[in-house]
Structure formats: structure tokens, C-alpha cells
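Here the protein sequences line up with chains A, B and C, keeping their order.
So for the first sequence, numbering that gives the first Met the number 0 puts the first residue at 0; every next one is plus one.
So for the second sequence, numbering that gives the first Met the number 0 puts the first residue at 0; every next one is plus one.
So for the third sequence, numbering that gives the first Met the number 0 puts the first residue at 0; every next one is plus one.
Treat the hints as calculated values from the structure; they're not laboratory data.
Nothing false has been slipped in among the hints.
All copies of an identical chain are treated as equivalent in the list; a pair is satisfied when it fits inside any one copy or across any two copies.
Calculated pairs, DSS-like style, for lysine-lysine (alpha carbon to alpha carbon, straight line, at most 30 Å):
| no. | residue 1 | residue 2 |
| --- | --- | --- |
| 1 | Lys113 | Lys148 |
| 2 | Lys2 | Lys293 |
| 3 | Lys293 | Lys325 |
| 4 | Lys148 | Lys119 |
| 5 | Lys113 | Lys325 |
| 6 | Lys113 | Lys228 |
| 7 | Lys325 | Lys2 |
| 8 | Lys2 | Lys228 |
| 9 | Lys2 | Lys119 |
| 10 | Lys148 | Lys228 |
Keep in mind that this is a model prediction, so the values were computed, not measured.
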Amino acid sequence: MPKTNPGRFFEDYTLGEVIAHAVPRTLLGGERALYHALYPARHALYSSDEFARASGLPASPLDDLIAFHTVFGKTVPDISLNAVANLGYAEGRFHAPVFPGDTLRSESQVIGLKQNSNGKSGVVWVRTRGLNQRGELVLDYVRWVMVRKGDLDAPAPEPVIPSLAQVVDPSDLIVPQGLTFADYNFALAGEAHRWGDYALGEVIDHVDGVTIEEAEHMQATRLWQNTAKVHFDATFRPDGRRLIYGGHVISMARALSFNGLANAQMIAAINGGAHANPCYAGDTVKAWTEVLDKAETAAPGVGALRLRLVAMKAGEAGLSRGEDGKYLPGVLLDLDYWAYIPT
Amino acid sequence: MPKTNPGRFFEDYTLGEVIAHAVPRTLLGGERALYHALYPARHALYSSDEFARASGLPASPLDDLIAFHTVFGKTVPDISLNAVANLGYAEGRFHAPVFPGDTLRSESQVIGLKQNSNGKSGVVWVRTRGLNQRGELVLDYVRWVMVRKGDLDAPAPEPVIPSLAQVVDPSDLIVPQGLTFADYNFALAGEAHRWGDYALGEVIDHVDGVTIEEAEHMQATRLWQNTAKVHFDATFRPDGRRLIYGGHVISMARALSFNGLANAQMIAAINGGAHANPCYAGDTVKAWTEVLDKAETAAPGVGALRLRLVAMKAGEAGLSRGEDGKYLPGVLLDLDYWAYIPT
Amino acid sequence: MPKTNPGRFFEDYTLGEVIAHAVPRTLLGGERALYHALYPARHALYSSDEFARASGLPASPLDDLIAFHTVFGKTVPDISLNAVANLGYAEGRFHAPVFPGDTLRSESQVIGLKQNSNGKSGVVWVRTRGLNQRGELVLDYVRWVMVRKGDLDAPAPEPVIPSLAQVVDPSDLIVPQGLTFADYNFALAGEAHRWGDYALGEVIDHVDGVTIEEAEHMQATRLWQNTAKVHFDATFRPDGRRLIYGGHVISMARALSFNGLANAQMIAAINGGAHANPCYAGDTVKAWTEVLDKAETAAPGVGALRLRLVAMKAGEAGLSRGEDGKYLPGVLLDLDYWAYIPT
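Let's have the full structure, built from the sequences with the hints guiding it.
Now the structure itself:
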């Protein structure tokens with residue numbers, strides 16, 4: 000038997016089992032600097048200790064997506080090494096900010112299984128939890144992937160499809176302890192628009208674009224210890240192209256959304272997401288946002304916006320699907336999330 | 000009205016107004032590591048806490064140009080988003096070193112305005128100040144840019160052209176508190192040449208060259224939260240080329256100048272500077288220095304050299320202008336600065 | 000005489016002399032983040048403070064190869080600026096872990112000299128020592144290089160060829176103070192294989208591959224303040240290619256070896272190494288390991304494996320030399336080292 004990790008196949012998952020993912024990770028200030036070098040990230044709460052303290056936090060946390068990618072990256076060797084497709088996300092919630100010095104680990108519980116009718120693959124649903132060095136939950140989310148079978152003769156499991164919320168209910172959002180936007184400094188944050196200035200259905204074209212480089216997406220993906228070959232090895236796919244980690248597009252689009260949503264400081268929840276088309280080096284990524292919903296929170300001056308963030312390599316703001324209802328070929332990402340913003 | 004930042008046009012500036020720039024930034028050790036990865040920076044004072052302490056500082060500061068780029072980057076959304084040209088720098092002074100953990104913010108005062116005779120643009124002079132979390136001035140400089148008018152019918156302001164020093168007078172240099180080169184270790188610093196070894200008019204060819212990559216200049220420019228589209232979006236210009244942030248060339252040239260000026264440890268002032276020609280990925284940058292002046296300071300063992308640092312992508316050391324007095328096409332940068340060096 | 004460093008020529012070395020290399024370096028958390036961005040490094044002891052504490056260390060050290068590259072980089076201006084070839088390594092030992100905040104400097108003693116029969120160059124052997132801010136030895140190794148003569152008329156020195164160990168004797172390995180694998184968590188480390196599971200002669204194909212980018216190898220090499228022109232200047236060689244620092248290949252191969260050797264946590268010694276063929280951007284690096292020897296240590300639960308790590312850009316695991324006994328053209332690196340692994 001080889002000593003290297005062959006990854007799990009569909010028949011290797013059991014409903015209810017909890018997989019403790021390997022390689023815990025201590026995040027320091029260096030990860031923040033790299034995040035700012037790799038993405039045009041400018042949200043003030045993640046840039047300045049002073050701004051974060053004025054918002055009731057002990058210091059500037061690491062970007063929410065650093066936490067997400069770190070937790071996600073640990074799951075790859077156990078969940079998606081033999082995945083054919085990354086099908087979706089749901090019920091993602093950020094439970095506590097992550098600060099430099101924190102150590103994160105991940106575990107995933109199998110909450111759904113359904114073999115495909117072709118008998119060659121199946122869908123696996125997992126709820127992944129990210130925990131810090133004190134065992135506190137920092138985020139969790141549900142993800143489902145299509146995984147190949149290793150042994151086509153393995154029996155199909157009893158199909159169990161979990162019932163998942165379409166949207167995280169705003170009453171379930173967990174506002175970070177102490178967070179307040181009561182004394183929010185809009186000038187330092189970069190824009191004057193507050194919660195009340197955003198209208199349901201409003202579309203914001205974030206205008207700026209970034210052309211993607213191989214060296215950058217590989218550095219980002221490695222930083223989260225995500226090891227999927229397809230991102231790094233130009234000889235792996237017949238076309239000689241390295242597929243870009245979907246999370247790289249998420250971070251790029253979220254950072255670009257600063258221009259128009261500079262005050263949507265923190266990601267509160269991920270309601271759902273689709274990687275509509277693959278992204279390759281040389282693509283120029285732009286982004287637009289549609290305002291889907293608004294909610295209040297119990298924290299002083301803190302409101303929530305439900306936002307649909309669309310990244311594209313071609314096309315125009317506001318357009319994501321063709322007449323056939325399918326994603327247009329220029330659309331890369333369609334992400335539905337809640338963010339905290341001053342009221 | 001769009002929620003994104005359209006930038007300011009010439010008619011949007013008022014003489015005397017102070018613009019508080021957005022997104023303060025806490026700099027940590029990660030920025031230093033990235034600076035050392037992006038530039039061949041080797042000045043010992045910025046590399047070693049021990050060396051810095053032996054020079055009377057509490058620890059190794061962040062490179063002076065990290066402070067400069069960070070302060071400069073914050074001004075871009077307010078000053079140069081609609082700029083046609085970056086015309087010059089003057090009266091730049093470094094007031095206090097910046098250490099890991101410090102948080103920088105920037106503000107600029109409009110000190111000059113002059114509409115161009117074509118009525119389509121004008122020149123704006125600003126004095127930019129960088130401040131730390133204690134409100135202490137860390138650096139200031141004057142910069143002037145040519146900015147488009149948004150409304151061609153807007154009336155021209157009363158022309159005011161500030162009177163600027165050609166050179167920062169050496170008596171105005173602000174030696175960092177406690178700095179001493181009395182016990183300077185030349186072996187650890189890398190070269191034996193001291194203040195007295197440099198002669199007026201001497202030209203030093205720094206020999207080494209670095210070929211520029213897209214991924215590197217974009218990472219550098221993002222790290223300073225500089226958002227000008229032209230640096231990142233290959234679809235923005237008709238020629239499909241990304242223009243490299245002038246500050247990337249400044250840092251590259253300054254780092255290359257270690258070879259021959261290893262003891263010119265700290266930048267004391269920026270007297271002036273011109274970005275003579277654009278730089279693109281694939282260019283190989285080399286540098287040379289001309290010694291323009293020498294001065295003493297009150298700090299033990301600390302002298303000052305006025306240096307002219309020229310970066311080029313073609314040409315030879317010592318040659319910057321053709322017979323017509325114009326910059327040769329291979330010249331990228333012509334920077335006039337003061338540096339501290341042991342006597 | 001020029002102010003820039005011309006490097007040393009063969010006749011500039013004297014048997015027994017000790018060269019103190021310039022530019023000490025304080026390593027912070029940023030170097031670790033960059034290391035994880037540049038290499039797919041996942042060994043848990045270098046990723047998690049918690050894991051390192053459970054192994055008896057005060058915190059997660061910086062990767063052993065960060066220490067090695069930093070110490071090595073400092074020697075380049077004095078040892079290999081005029082080197083024609085990097086001939087070999089021997090007797091490398093890691094004496095103490097390096098932690099964020101430590102400052103490293105290097106010194107080398109000339110322990111052998113032999114002019115070549117052509118009279119144009121010679122071989123220089125040095126023993127290099129890396130020291131921290133407390134003057135403690137963190138690593139040492141012997142390296143020999145072929146260096147050009149500057150003055151062909153300079154007399155040949157008395158030839159002295161040092162007697163070097165083929166392998167560091169396992170009884171000479173210096174286990175870090177306090178290290179214990181008695182409570183080792185194999186699930187968190189990522190693999191179940193322990194010391195007893197590896198057999199002499201076993202070959203492990205590490206499977207994964209990484210395609211090399213210019214921006215990445217230059218960032219890595221600069222980070223160690225290694226200034227050899229050949230790595231950075233595309234105009235330096237007639238073929239316009241930048242030669243990749245051999246240490247970049249070492250780090251890439253060692254990181255790839257996680258897949259199959261996840262528990263070979265720490266490098267204990269470097270017995271020898273050869274850079275078999277040059278590596279260029281665009282090459283896809285893969286790696287395999289042969290188990291050469293096994294030894295016990297006095298530390299609780301800590302065993303040692305002697306491993307032969309081969310990196311290649313083409314070829315197959317287990318094959319390194321052709322019928323003529325020479326390295327196959329696809330082989331990049333052949334490194335012989337000791338690693339600590341739980342028993």
C-alpha cells in the first residue's frame with residue numbers, strides 16, 4: 000500500500016462520521032500582509048488595529064476569508080481530492096473573529112450521501128467546523144461535492160439529502176462580542192454610504208479589474224495549505240492549464256467590492272455560492288453586487304445586508320444568466336452572503 | 000449617483016483644504032518580510048534588530064520606503080485617480096521611524112492649483128503628511144499631479160504655485176531620536192566605505208539587475224493599498240500592458256544601490272524625483288548613483304549624503320539625458336535624496 | 000577601485016581564515032507566512048504552535064530550511080559570487096531551532112583549497128556556521144565550490160582537501176532540547192506511518208507536482224538575501240533564462256515529500272547533496288524519496304530516518320542515473336538527509 004494519500008472515494012464516507020482534518024495552523028501577521036499583497040483588500044476593520052478598537056474589538060482580526068480558506072484548505076485531502084465537482088455551499092456562519100496568533104483546525108461531519116444514477120460517483124454533504132486553540136467555533140458551513148467511486152461494485156448507501164436553509168436567517172447571525180459601529184468613522188473607512196443608503200435590488204458595479212497571474216493564485220492557494228494538484232501542476236490536465244482555486248476568485252471579488260461597499264466591513268454568513276465557470280491565469284476579474292435583503296442586529300449601530308456578489312471575466316454588471324437560465328460564460332462566481340455595515 | 004468612487008477632478012480641489020485619506024493601516028512584521036521578498040533589500044539597519052539597537056534604535060524599523068508607499072497609497076483615491084501625470088516630488092522628509100505594530104494614516108493639504116491653458120486639466124499641488132497611531136508625523140512630502148477636469152465649464156481657480164525648495168536643507172534633516180553610528184560595525188553592514196570615502200560627483204554603478212514580473216509589481220502595489228487601475232487591469236489600456244507603479248521602481252533601485260552604498264542606511268529626505276519613462280513587466284532594472292552633496296549632522300558618527308539615484312532599463316551608468324536635454328528612453332527614474340551614513 | 004563588491008577570487012582565500020558574512024537578519028512571522036505561500040509546506044510542527052508545544056518545544060519554529068537558506072544566503076557575496084559551480088554539501092547539522100524574533104548571522108571558515116590543473120580556477124571548502132542573537136550555533140555545514148581565479152599568475156596554494164564524513168553519524172545528531180514525540184497526534188499530523196513503518200530501500204513517490212514561476216523563485220531567493228545575479232537578471236546569461244536557486248528546489252521537494260513523509264517533521268542533518276541539472280521557470284517539479292537508514296535517538300518517541308530526496312522535472316520515481324552512471328537529464332536534486340520521526 001502506498002504511503003501517499005490517495006484521497007477518499009465515495010464509498011469511503013459514512014453518514015454521521017466526523018473527520019478530524021490534519022495540520023492545524025497558527026496564523027500570524029504574515030498571513031495578513033500576504034492577503035493584502037494578493038488581493039486589493041481595504042476594509043478598514045481588517046487594516047487598522049485602531050479602527051478595530053474603535054469598533055469594540057481588541058485588535059484588527061484577520062480577514063474573514065483568511066479564516067474561511069484556512070479551514071477549507073484543511074478539508075481538501077479528506078473531502079475533495081477525488082472530487083469531480085464542487086457543487087455548493089450553505090449555512091455558513093462566522094462565529095468569532097480570528098486574530099494573529101490563533102491556531103485553527105477543522106473537522107467535518109458527513110451529513111448527506113447520495114449515489115448518482117450512473118453508479119460511478121455520488122454526492123457527499125459535509126458540515127465543516129473551524130475551531131481555534133481554545134476549542135471555540137470560529138466558523139462553520141455546509142459544502143457538497145461530487146466524488147468518484149473507487150470501487151464501482153461498492154454498494155450504494157441509503158440516500159440521505161440534508162435539508163438546508165436557502166438563507167441564513169438574520170436572527171441566526173452571530174455578531175462578534177463587543178462589536179459596535181456607534182462611533183463609526185466613515186471618512187477613515189473610505190465611503191459615506193450606510194445601511195440605509197442601500198436599496199433592495201440595487202446593483203453596484205465595482206468598476207475595478209484585476210488580471211490574474213499564476214504566481215499569485217498559487218501563492219494564495221498554498222498559503223491555505225490547499226493541495227489539490229489541479230491548481231499547481233501544469234502537466235496535470237490535458238490542456239496544460241492550471242485551474243484557479245475558487246476561493247481565490249471569492250477573495251478577489253470581495254476585495255474589489257470595497258469600491259461601493261467599503262462599509263460592508265465583516266462577512267457574517269455565507270448563504271450559498273456557485274463557481275459558475277473556471278478561472279485561469281490571464282483572466283481579468285471584475286465584480287458587481289446586488290442587494291438582496293436587509294436586517295437589523297442587536298449590536299449598536301450594526302446592520303446587516305444580504306448581498307449577491309458576482310465575479311466575472313467578461314460581461315456586464317447585473318447580467319449573470321442567459322435566456323436559457325444558465326450562467327453566462329463570463330461569469331465566474333455567484334456568492335450570496337450577509338455582511339455587517341453601520342446603520 | 001453611483002456608490003463607487005469616481006475620484007476627484009481638477010475643479011473639486013480648493014486651495015487650503017485638508018483631505019483626510021481613508022483606510023488607516025497597521026503594519027506588522029509581514030510587511031517587512033514581503034518587502035524583502037519583493038526587493039533585494041539588504042541594509043543592515045532594516046534587516047536586524049541587533050544592528051538597529053547597536054545604532055541606538057529600539058528595534059529594526061520598517062524600511063523607510065514601506066512608510067512612504069503606505070502613506071502615498073492612501074492618497075491615490077483622492078489625489079491621483081483621475082491624474083494624467085505624476086509631475087514631481089519635493090520637500091520630502093522622514094520625521095520618525097515606523098516600527099512593526101504602528102498604524103499609519105495620511106492627510107493632504109492642497110497648497111497649489113493652476114489650470115492648464117487648454118482648459119481641460121490643471122495641476123494640483125498637495126503636501127501629504129503621514130501620521131502614526133499617536134498622531135506623530137512620520138513623514139511629509141509635496142507632490143504635484145496633472146488632473147483632468149470633469150466639468151470643462153467649471154471656472155478656473157486663481158492660480159497659486161507654491162514656492163518649493165529645490166533641496167531639503169541639511170540643517171532641516173530630522174535625525175531619528177537616539178541614532179548613533181559611533182559603534183558602527185562595517186563588517187556586518189557589508190561594506191567598508193564611509194561618509195569620507197564618497198566624493199562629490201562620484202558615480203557608482205550598482206551593477207546588479209532585476210527583471211520585473213507582473214505578479215511582483217502587483218503584489219507590491221496592492222500591499223500599499225494603491226488602487227490605480229492602470230497597475231492591475233490588463234484590459235484597461237489599449238496596448239494591454241499594465242503600467243508599473245513608480246514606487247516599485249524606486250524601491251527596486253534603492254535596494255539595488257546597496258551594492259556600493261551599503262552604509263547609506265536610512266533615507267533622510269526626498270528632494271525631488273521624476274518618473275522619466277514607463278516601466279513594464281519584462282524590463283530589467285539596473286541603477287546608478289551620483290553623489291551630489293555631503294553634510295554633517297549633530298548625531299554621533301552620522302553624516303548625510305545627497306544622492307541622485309537613477310534607475311534604467313537600458314543605457315549606461317552616468318548617462319541620463321541626451322543632447323537635447325531630454326531623458327534617454329531607457330531611463331526610468333531620477334530620484335534626489337538625502338541618506339544617513341556613518342562618518 | 001569600485002565601491003561595489005567584485006566578489007572573491009580563488010587566490011583571495013587563505014586556509015584557516017574566518018569570514019564574517021554581512022547583514023544579520025531578524026526573522027519574524029512574515030517569513031513563515033511567505034514560506035507557506037511559496038512552498039506546499041504542511042509539516043504540523045512548523046504549522047501549529049499547539050502541535051509544537053505538544054512536542055516539547057516552546058512554539059512552532061521557523062522551517063529548518065528557512066534557517067538554512069538565511070545562513071546560506073549571507074555567504075553568497077563572499078563565497079560564491081564568482082563561483083563556477085556549487086560542488087557539494089557535507090556534515091550539515093541543525094543545532095537548535097530558530098523561532099520568530101531570532102536574528103541570524105553567518106560566518107565561514109576556509110577548511111580546504113585546491114587549485115585546478117588548468118590554473119584558471121580552484122576548489123574552496125568552507126565550514127559555515129549560523130549563529131543566533133545569543134551567539135548560539137543554530138546550524139553548520141560544509142560546502143565546496145569551484146571559484147575562478149582573478150589573477151591567473153597568483154601562485155597556487157598548498158592543496159588541502161578536508162576529510163569529510165560521508166554521512167553524519169546518528170550519534171552526532173543534536174535533538175532539540177525538550178523534543179518529545181511521546182504524545183504525538185498522528186491524525187493532526189496527517190499520516191499514520193511511523194518510524195517502524197519505513198523499510199530500508201523503500202522508495203516513496205510523492206506524487207504531487209508544482210510548476211515553477213519566475214515571480215516565485217525570485218521572491219524566495221530574495222527573501223534569503225541571496226544576491227547572485229544569475230537568479231534575477233534575464234539579460235545576464237546569453238540564453239536569457241534565469242537560473243533557479245538550488246535551494247528553491249530543495250524547499251519545493253522537501254515540502255512535496257509531506258505526501259508520504261508527513262511525520263518526518265524535522266530535518267536533523269544534511270549528509271550531502273547535488274544539484275544535478277539546472278531548473279528553470281516552467282519546469283514542473285516532482286519528488287521521490289528512498290529510505291537509506293534508520294536510527295534511534297535518546298529523546299522520547301523520536302527516531303531518525305536517513306532519507307534520499309530526489310527532485311526531478313521529468314522521469315520516474317526511483318530512477319536517478321542512466322547506465323553511464325550519470326544523472327538523468329530530468330533529475331534536479333539529490334539530497335541525503337536525516338529527519339526526526341515518531342517511533
